[in-house]
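Construct all of the structure, not just a fragment, from the sequences and the given hints.
Protein sequences appear in the order of chains F and C.
Those letters in the first sequence? Residues 162 to 274, per my numbering, in order.
Those letters in the second sequence? Residues 1196 to 1310, per my numbering, in order.
To be clear, the hints were calculated from the coordinates, so they are not data collected in a lab.
Warning: the hint list may mix true and false statements.
[Said to hold, decoys possible] If we take Cβ atoms under 8 Å as the criterion, some of the chain F residues that face chain C in the derived model are:
#1 TYR193
#2 ASP260
#3 LEU262
[Unchecked claim] Cut-off 25 Å, straight-line C-alpha distance, at most; resulting in silico cross-link-like pairs (DSS-like, lysine-lysine):
#4 LYS266/F <-> LYS217/F
#5 LYS232/F <-> LYS166/F
#6 LYS166/F <-> LYS1237/C
#7 LYS232/F <-> LYS266/F
#8 LYS1237/C <-> LYS229/F
#9 LYS1278/C <-> LYS166/F
#10 LYS1237/C <-> LYS266/F
#11 LYS166/F <-> LYS199/F
#12 LYS266/F <-> LYS1278/C
#13 LYS215/F <-> LYS229/F
#14 LYS1237/C <-> LYS199/F
#15 LYS1273/C <-> LYS1237/C
#16 LYS266/F <-> LYS1252/C
#17 LYS166/F <-> LYS266/F
#18 LYS166/F <-> LYS229/F
#19 LYS232/F <-> LYS1273/C
#20 LYS1237/C <-> LYS1278/C
#21 LYS1252/C <-> LYS199/F
#22 LYS215/F <-> LYS232/F
[Unchecked claim] Just a sample of chain C residues kept apart from chain F, beta carbon distances all over 10 Å, derived:
#23 THR1202
#24 SER1222
#25 ASP1257
#26 ASN1269
#27 THR1271
#28 LYS1273
Where is the CB? At the ideal position from N, CA and C, for every residue including glycine.
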Amino acid sequence: DQQVKQNSPSLSVQEGRISILNCDYTNSMFDYFLWYKKYPAEGPTFLISISSIKDKNEDGRFTVFLNKSAKHLSLHIVPSQPGDSAVYFCAASPGGGADGLTFGKGTHLIIQP
Amino acid sequence: EPEVTQTPSHQVTQMGQEVILRCVPISNHLYFYWYRQILGQKVEFLVSFYNNEISEKSEIFDDQFSVERPDGSNFTLKIRSTKLEDSAMYFCASSETLAVTYEQYFGPGTRLTVT
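Next up, the structure:
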């Protein structure tokens, strides 16, 4: 039962270009979406989030787009830097403070020099 | 910058033994969570805790698991009788209460190995 899906296990992008990571969800109750970055042997690090009432949120090099009708969101990183190489997780929440996050399986982003 | 801390970083235990994983959430946060990630799988929610009681729990969080906030800073996860399949990374997280956003901040994790 994959309520949050990241269909690309890995993605390779050249340094300086745009990285686009995709995520789909099936549960209409999800109201809040988050992206996390994870290095090996570390915990997930919060990157950026978006509420379902918005379709775009931007923070520096990171932009998240939400298409609620398609139940699809994407994370854009531009320009991509070597330090961006990590596993990126999409996560979703029904929006209450006590709700656990539902994570996707992650996409391993590799930035090529 | 405030961060969530977890101890120990690695715990090895024998099947059937009890383990306690410890976490110190960010000091002004009032929601606390435990997640686990079995090797090669996704991060899974276990339990959330607010106002000294469990708020939500997943199907994974059965009677073998319990959580406690024994003092003003620590948040613990106890597994009463560990099984081989409990081997995983366990992450603690915390978030602010009454925030308009729902970011959860994760600790570095405890790797639990059950032999």
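Exercise. Which hints, by number, does the structure contradict?
Worked result: Hints 9 and 19 are the ones this structure does not satisfy, whereas the remaining hints hold.
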